[in-house]
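Taking the hints into account, I'd like the entire structure generated from these sequences.
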Amino acid sequence: MRKLSKLGKVYLAAVFFILYAPIFYLIFYSFNSGGTMSSFDGFTLEHYAAVFNDTRLIIILMNTVIVALLSSLISTAIGVLGAIGIVFLRNRKMRNAVLSLNNILIVSPDVIIGASFLILFTMIGVKLGFASVLISHIAFSIPIVVIMVLPKLQEMSSSLIDAAADLGASKRDILTRVIIPYIKPGIFAGFFLALTYSLDDFAVTFFVTGNGFSTLSVEIYSMARAGITLTINALSALIFVVTLGLVVGYYFFNQRARTVGTGGQ
Amino acid sequence: MKSIIQTSIAILVVCALLLYGVSALEKSSATSGGGSITIYNWGEYIDPELITQFEEETNINVVYETFDSNEAMMTKIEQGGTSYDVAMPSEYAIEKMKENDLLIPIDQEKIPNLKNIDPYFLDLPFDPGNEYSIPYFWGTVGIAFNPTLLEGQTFESWDDLWDPSLEQEVIIVDGAREVIGMGLNSLGYSLNSRDASELREATDKLKTLGPNIKAVIGDEIVEMMRREEAAVALTWSGQAADMMFVNENIDFSVPEEGSNLWFDNMVIPKTSSNVDGAHAFINFMLDAEAAAQNTEYVGYSTPNQAAIALMDPEVTGDERFYPPEELRERLEVYENLGLEMLGIYNELFLEFKMDMKN
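Keeping their order, the protein sequence lines are chains P and Y.
Note that the working numbering has the first sequence beginning at 1, numbered continuously upward.
Note that the working numbering has the second sequence beginning at 1001, numbered continuously upward.
Below, simulated DSS-like cross-link-like pairs (lysine-lysine); rule was C-alpha separation at most 25 Å, straight line:
#1 Lys1002(Y) <-> Lys171(P)
#2 Lys171(P) <-> Lys152(P)
#3 Lys1270(Y) <-> Lys127(P)
#4 Lys1110(Y) <-> Lys1098(Y)
Simulated from the structure, these hints should not be mistaken for lab results.
Below you can see the structure in the form of structure tokens.
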């Protein structure tokens, strides 16, 4: 790879600075004993203690993670099958139609989706709560997974499948031993994107939460009305650190897998 | 394929562990026996200790949820799906909810602590006889200002906002009723005026305020005033209290021509599945000690006379937040003007904002 020019490096540094400055600003003030973000009075950990003492906040945080993990897992499973279905649709017009329907869901505003779900759930008598939030998160994640998996499928040469079939692979073998391993990077990308979508979705979730079930985005939004308390800073800092840890862990895990030479994937 | 299955199983295990954790935490905080109620309140608008205290006293488990606007709250109640037992809307929202048949009448016999409420705050135009609502917190609209940035200027009259020395210094809250109301008040008219010529006069007067206005914004006002990015703001007393809590330089005044008196009230929505529990909760919140504790936590003005007696006289004697009798007489509660009139207010407010651009 060609080395970055000096100007390129400066530009890159500036971009990263802008991206991370708000987060570090927020984390910095989570240690402020002053109680606000206007001036730094001294170091304290009391806001972190407040997070751990607030059972309600911890429950909400755990709920948020459960919904995010489960919904992205399920939507990845559905989305991958959907994408395979779309690619193997013979009729071109039909394929484009299905793809467009999928894309419409991605571009349509969250509020519309949220309000529609609220109306649907109350009409068919589903109690708002865990189930309604999970279902709507699965629903808005599926199109995202489809869009992430599709390019991988399209780039796969159809002769791979023909070769497998010639060698006597059953349909099931083709799916589990040829197609899925090939599109695996796409599947993981889809999963992680669905995960982040679910974690930070406010608009849809707001409409379908109820009966004591809430997620972080909804909770923080209504807390923020009375001015951001530093408890939110502390909580955000914790989430940031955990995420950072996961990414670093994933990176090392990958590096090791590669150097040990277990066949790459 | 193997790694995908492994990952999936790992995720499921993590979810199961978390679910177990949630149910364990919920069990430890839940008390059994007395059923449960769901409270729907503004964010950061109650002392969480009071909820625990209520649970211990009554054995009723409290599910607590928050909203950030009257409109959002009404939508969720109207659609059902959650059995909200107590909600805290503002006065105009109560009128709307009454019209839309979203409320259950309150049985005042089940709320003996109603006697603690100052009669001045009962039987108001938005809910005659307090058939559907019980006051929770109240406040006024006034001027928050920072004397250190202003060379000791004071704000006894709305007209002080028009002072030429305040060029580009005034922030006003982004609300049609508040701003047009200020225009009407400054001319000595009622802020519920339906008179076209009065409204026109008020709007024309507001337009001359243009050069002084720095911004027309919402909740961000608090943060801007705290950081001394602005010197003067037209805002609610509750927001002013939030500012003063952090920045001691800030002062608040309700101009003598009069202003708006606002309320947040406790109501029992139609979705309630535990009406008795809801009454018990409302009664608990009206208890003198509970109300005093809550007021100290939230920092808004309480309508609870008995609580005021228990509180620090320095707080309750503060005329900026507990205005004296003669000023109170000039405060007005918003009346429901009807959709058409509200449209006119909104249009005039828009006209004023557009004029500012020039």
